[in-house]
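Protein sequences, first through last, are from chains A and B.
Be aware that the first sequence starts at 1270, since it is given in the working numbering, and climbs by one per residue.
Be aware that the second sequence starts at 76, since it is given in the working numbering, and climbs by one per residue.
One should not assume that every hint holds.
[Claimed, not checked] Listed next, with one range per pair, are the computed distances between beta-carbon atoms:
(1) A:Pro1388 <-> B:Thr247: 34 to 40 Å
(2) B:Gln306 <-> A:Gly1385: 58 to 64 Å
(3) A:Arg1325 <-> B:Phe222: 47 to 53 Å
(4) A:Phe1330 <-> B:Phe222: 43 to 49 Å
(5) A:Arg1325 <-> B:Glu120: 27 to 33 Å
(6) B:Ala318 <-> A:Ser1381: 53 to 59 Å
[As the list claims (entries may be wrong)] The following residues of chain B were derived to be distant from chain A, with all beta-carbon distances above 10 Å:
(7) Ile131
(8) Gly142
(9) Ser190
(10) Thr198
(11) Ile291
(12) Thr294
(13) Lys305
(14) Ser317
(15) Gly324
(16) Val327
(17) Lys329
(18) Leu332
(19) Ala381
[Unchecked claim] Some but not every residue of chain A turned toward chain B, in silico, with C-beta under 7 Å:
(20) Leu1350
(21) Ala1356
(22) Gly1379
(23) Phe1566
(24) Ile1578
Hints listed in this document are in silico derivations from the structure and should not be mistaken for laboratory results.
Glycine included, each C-beta is placed from N, C-alpha and C at the ideal position.
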Amino acid sequence: MINVITMFLFNIVVYNIALLYGTTGEIMIEKSGSLNLGVEGTMAIGAVCGYIAACRTNSLFVGVLVAFLTAGLTGLVFAFLTVTLQANQNVTGLTITTFGVAFYYFIGNGLSNSKGGWPKLNDTTLADQFRDVEIPLLSKIPILGKGLFSHNILVYLGIAIAVLMWAYFAKTMPGLKLRAIGENPGAADSAGINVTRMKYIHIIIGSGIMGIGGLYMGLNMGGTFEGSNCWINGYGWIAIALVIFANWNPAKALLGTLIFGFFNTLRVYNATIAYNFPNTLGWLNKIPAQFFSALPFIITLLVLIITSISKKNSSNEPASIGRNYYREDR
Amino acid sequence: MSDFHLVRRADFSIRRLIICYAVGILISLGIGALLLSGLGINPFEYYKRMLTMGLIGNRYAYKCIEGLLKIFVPLLITSLALGLAFKMRFWNIGGEGEFLIGSICAAIVAFNSGSMPKIVTITLMCLAASLSAGIIGLAVAALKVRFNTNETLMTLMLNYIMLYLIRYLGSTKAPWNFFLNPESERPIFGQFADNCKMGGIKIGNFTLLYSVIAAIIITVIIYVYLKYTKQGYEISVVGDSSATAKYAGMKVGKIVLRTMFISAALIGLASGLATATAGTISESITNNAGWTGIIVAWLAKLSVPAIFVTTLLISVLQYGCQAAATQYPAIDSNFADLLQGIILFSVLAADFVATFKIARKGGQEK
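Start from the sequences, fold in the hints, and give me the full structure.
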């Protein structure tokens, strides 16, 4: 029974850290005043390119780098279209999603039907680099240790990115400037901040972070390509919801990932848990799995409505979000 | 760059726009050709097969046209409906969700229709679909008007809530669940009785479904509505500037509520027609019309005749990729989405070239 709890904790982290990558990446982009609805597609592009690069070179590091760069390139397309060419952000973002997921299938189907076939992950040095690393001392804590402090390297990287990003927004000068742009690009421009450059940099970095999340999804699925199911599987959309739930704060995104991950894991494990604790948690079995899947979206919808109704403005939503900045209109 | 800056072109030329778009589409097809060659496929043969949709030399060519129209009808109505909301700068990206709830409600009617005549059941199905979707749209619009809740994110969340609702209905065996086929052990959606399936006019072997005729009538009505009625005029004023609309004495809130209801209800109608045509429901009943419709409406710059043409082209693209997939196993119908994405990117860029120009700072402006 103790094992069930440990497994549960372990799975919350291991299956949902990709959400954290998607969310922190999207927070960085939204803080610059852009709403990028292309998370799903950006993650898919990073996933497929990063995975292939990792398998070809047998190096996780190269995989992460390629995932970051290709997803960053996607971000560059978004930035070029919306910042320089003033295209509509919603349409551009949604198109990136359509394009990215289609690109994933295109490359995947193409490689699967080619001579070499789809690269496999099993028993390679790459799989070894992706193994779990135990943190000394902390991983020895009973129940919690194995669940929370024994994970692969990309889990730790994702958490580090979230913490660093929080510090970047809260404590540094460029972070402050970025927030100023998100609130009022015209005022930031007058204060001598190079709005265009800042937007480009942060959209590209944010997209790159999403790409690493995509690669993580692929590796976590064992790298098998199926013609009918994308690795990202809607996590990009949950990430967009999580940004709102986390109130545009990377540290809260960490917490939000655990909460949304809790529901995700409950969906998979409700039968096991109900079986192990029949007296207290037996009712869990009666809740349909689809309800847990829909829960992140239901909660976010409620958060959206409640924050807009409440008079006290506690939302950290950047004020200029979704609107392009055209200097001549200032 | 500092010597140059962007200036909106004062003159608008439809010829320049069309040339820019054509160049953009050609470049996209070129990129697609490069990708195809990368897989060792002759792009010209693939494009030929895609654009002719396997019609040439095919005894069953009429089946292709029927298949094409099944993609065309829901996409056309959805794109028009989304365009209506976008014209008002209301970001209804919940087409998928509205489509799904419409489909569920149409199925409720269909599975409980008993032995009513066909015309009654199909009318009721469309009515149920439109009303349910319309109410969702109205609720979103009410929150937007009253509390300024972000409608983009609200409709986005609703898409997924509806998706999981239909998945739940499709995978739960229970005595109350009349959506499922009672004879099957595995949960699968049941088929409608014959009095709930879309009929049509027989022309030789080809069947022209009534839904196609309905779609064309709706297109004409929306065109007239936007161009010649007071309500259509109000939509464009609110879209240009809601402050102007307010000063002109228009009730902006009421206009937003009304238009969003119409927009969502039309998507529901598209869904009702598609559900009756399919004769069953499924989570893929939307065929991504809610997403593709956004791209179509935007490619067409929200103009009704242009939406009609663009929908036709995108349907050919999608159906053509499906048809070509039988010949090329390495490329599935997702290639249509890939091309669609590249085309939109280039058209967005073309749009920019057509509406802006780069001017030298301090230089003379014409």
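Measuring from the C-beta of glycine 1379 (chain A) to each C-beta in chain B, is the shortest one below 7 Å? Holds, because the Cβ-Cβ distance from glycine 1379 (chain A) to chain B comes to roughly 5 Å (cut-off 7 Å).
Is the nearest Cβ of chain A still more than 10 Å from the Cβ of threonine 294 (chain B)? holds (22 Å)
Could you check that no beta carbon of chain A comes within 10 Å of the beta carbon of isoleucine 131 (chain B)? holds (26 Å)
Grab the minimum beta-carbon distance between isoleucine 291 (chain B) and chain A and tell me whether it stays above 10 Å. Check passes; 26 Å lies beyond 10 Å.
For the range 34 to 40 Å, tell me whether the beta carbons of proline 1388 (chain A) and threonine 247 (chain B) fit it or not. holds (39 Å)
Please settle this one: threonine 198 (chain B) was flagged as non-interface, so is its CB more than 10 Å from every CB on chain A? Fine: 31 Å to the nearest Cβ keeps threonine 198 (chain B) off the interface.
10 Å Cβ clearance of valine 327 (chain B) from chain A: Nearest chain A Cβ is 18 Å from valine 327 (chain B), so the label holds.
Cβ separation of arginine 1325 (chain A) and glutamate 120 (chain B), checked against the hinted range 27 to 33 Å: holds (30 Å)
Is the Cβ of serine 317 (chain B) more than 10 Å away from each Cβ in chain A? Nearest chain A Cβ is 14 Å from serine 317 (chain B), so the label holds.
Could you say whether the range 53 to 59 Å given as a hint is met by the Cβ separation of alanine 318 (chain B) and serine 1381 (chain A)? holds (55 Å)
Agreement of hint isoleucine 1578 (chain A) with chain B interface, Cβ distance less than 7 Å: With Cβ-Cβ at 5 Å, under 7 Å, it holds.
At the C-beta level, are glutamine 306 (chain B) and glycine 1385 (chain A) separated by a distance inside 58 to 64 Å? Roughly 60 Å apart at Cβ, these two residues keep to the hinted range, so it holds.
The earlier numbered hints are all upheld by this structure, with none contradicted.
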